[in-house]
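Q: So the chains spell out like this:
2 protein chains.
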Amino acid sequence: MSTEVKSDLYKDAGVDIDLAQNLLKRVKEKISDTRRPEMLAPIGGFGGMFRIDLKKYKNPVLVSSIDGVGTKLMVAMMMEKYDTIGYDIVNHCINDIAVQGAEPVFFMDYIGIGKLRSPLYEQVLEGIADACKTANCAVLGGETAEMPGMYGNDFDLVGVISGLVEEDRLITGEKIKAGYAAIGLASNGLHTNGYSLARKVLFKQCGYTVHSTPEELRGESIGEALLKPHTCYWPAISRALASEKLDLDGMAHITGGGLYDNVPRVLPEDVDVVFDKNALPVPPIFKLIVAKGGIGPVEAYRVFNMGIGMVWFVPAEQAKTALKICSEAGFKAAVCGKVVSGKRQVTVL
Amino acid sequence: MSTEVKSDLYKDAGVDIDLAQNLLKRVKEKISDTRRPEMLAPIGGFGGMFRIDLKKYKNPVLVSSIDGVGTKLMVAMMMEKYDTIGYDIVNHCINDIAVQGAEPVFFMDYIGIGKLRSPLYEQVLEGIADACKTANCAVLGGETAEMPGMYGNDFDLVGVISGLVEEDRLITGEKIKAGYAAIGLASNGLHTNGYSLARKVLFKQCGYTVHSTPEELRGESIGEALLKPHTCYWPAISRALASEKLDLDGMAHITGGGLYDNVPRVLPEDVDVVFDKNALPVPPIFKLIVAKGGIGPVEAYRVFNMGIGMVWFVPAEQAKTALKICSEAGFKAAVCGKVVSGKRQVTVL
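Chains as they are written, first to last, in our numbering: chain A, 4 to 352; chain B, 4 to 352.
If we strip away everything but chain A, and leave its shape as in the complex, we get (with noise of 0.2 Å):
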């Protein structure tokens, strides 16, 4: 477990460097457990080390993302409750790559901060644990850096995920054609795209704190909707994959930029996409800062997930082994589209 803490603070500026550790030895057994076989024992914590394993795959493609938090890190800094926040950072990354068809093998996380405190640090790394623990991902390695002059008192949050996929087996969108259905998987809020505009709506213009209980979000607080960790849709990707009765020939990942944005990226250029935004519903949260903002159907399709966290595309007649799985492993979802003839455009109705 290569995860190490460099401070750019000294004993003489009245800080003790040790808490670092120290903070950091509570929560190594928890990111010792996401050891996984293929893990070779660390060699002086230069680098963390993956064996291939090449009974697996046979033409193995790595497929590598990096990606922070954003500005929900400062919700979670308004709510004093850092327990959530690396679940999102892990999730995001996995549902990531797994969208191309890659199994998470390994993670590593960069936490930059201007001072190290607790519980913060072990509620951060400990929800990075077992966000990844429960994926079967190992965390590889990770870096924290202390500084100061840079972050006051602020920390920002990195993960960078590594999955392995046959490359037979790579998910392109390639072969989603008209006629498929648009299988939307539900997702319980914000994940981690679009808080600039939520924040400027609720507490700018609507005065809310994160303690706000407004009738809309029924006995929920503001704070608690925001915070919702990002879904890891993993667990029914892995399913699916899986399953020798669905062609699962295209996924997005619903992240900042909306269905306009994500669901392009994965379809060729002869088709389009008709959405119906009645087949899942929206959750409140969205509701309440689309009505306090003003904001048009667009621009809310556009920055915020409406709902809909991940978009598979599966042939029309497999829509029911796709629910069926989805259900199975525990995700809400339903047919929410069609893919039609036309060139590579979203349109939600």
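Honestly, the hints are just simulated from the structure, not real lab data. Cβ atoms here follow ideal geometry from the backbone N, Cα and C, with glycine treated the same way. Hints may be right or wrong, so weigh each one.
Within a straight-line C-alpha distance of at most 30 Å, the following computed DSS-like cross-link-like pairs (lysine-lysine) qualify [unchecked claim]:
1) K61/A to K61/B
2) K31/A to K346/B
3) K346/A to K178/A
4) K118/A to K84/B
5) K231/B to K136/B
One side of the interface only, derived from the structure: several residues of chain B facing chain A at Cβ under 7 Å [claimed, not checked]:
6) P63
7) V66
8) S67
9) G71
10) G73
11) T74
12) Q103
13) G115
14) A148
15) M150
16) D157
Dock chain B against the given chain A, drawing on the hints supplied.
A: Frame of chain A, contents of chain B only:
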């Protein structure tokens, strides 16, 4: 090329969010130029794809590391000079995995920034692309997150490197024995460590600015000396790995913690290393900081590399071969220590 820019700004905040894409366009060519044949054509930009070359690697092990540049960024900001920071992050990362015998194959970057601006952004990315190109390492992806509420005028830069090595060619240090020679490869300055202490001594205690040219630096300014980019030792390491005349049995990248903390990471339990601090010249910037700060030798060699950026361990009779390889690759090097019986400790005499 899946480098992406996300902005949490919106147009009604008076900011042109197309700036990011326009700036990125200018450097896309340089980034594309780092492509390696193992890279697959991007699919929708979700995750970068890299095929494992099984003709080259029979039992491939992936070695990965994540790191930041730390507060060297603050010196870059004081200088308003951003064309070397990309080299710093790439070269630091490459060294961290090359010491395990891994060939760097792909790199990804994350830039968190308050306000995206030119020429900072292009200069950072161009440095990354150029440094990667020099080491034949592909830029597989990247993420830029613009978050004015979090970073203000600052930014952070994170890099992730992945490399490959044949499992039985991993360099672990376990073969190092008493009698081995320690070869020091010269550094050109602080590389990416010790900047908080350096800034404290030079700027706070001495009142220098980045433009000061104290006599000790022989015509160089403080800023120039501090911003010298991290040396990439891969050209020497790759030659050494390819040589049949050299048993390169251990390598340590001398980063934060200096010789004292980094060398033991690769030593077997039963040996010590005794270094001769006069074997390689100490660059003037270190002498200046140490003298002005009244820093003792133990602290100096624990915070700074003091002129030795990397240490190789080879059988004593192969020391000449090692030095010849370094010299042919353009690196200044010297036998700077010897391995003796002991208990994994480092002495600097």
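Q: Next step is simple, just say for each hint if it's right about the structure.
A: Here is what the structure says about each hint:
no. : hint             : in the structure
1   : K61/A to K61/B   : holds, 11 Å
2   : K31/A to K346/B  : holds, 26 Å
3   : K346/A to K178/A : holds, 15 Å
4   : K118/A to K84/B  : holds, 27 Å
5   : K231/B to K136/B : holds, 19 Å
6   : P63              : holds, 5 Å
7   : V66              : holds, 4 Å
8   : S67              : holds, 5 Å
9   : G71              : holds, 5 Å
10  : G73              : holds, 6 Å
11  : T74              : holds, 5 Å
12  : Q103             : holds, 6 Å
13  : G115             : holds, 5 Å
14  : A148             : holds, 5 Å
15  : M150             : holds, 6 Å
16  : D157             : holds, 5 Å
In this structure, none of the earlier numbered hints is contradicted; all agree with it.
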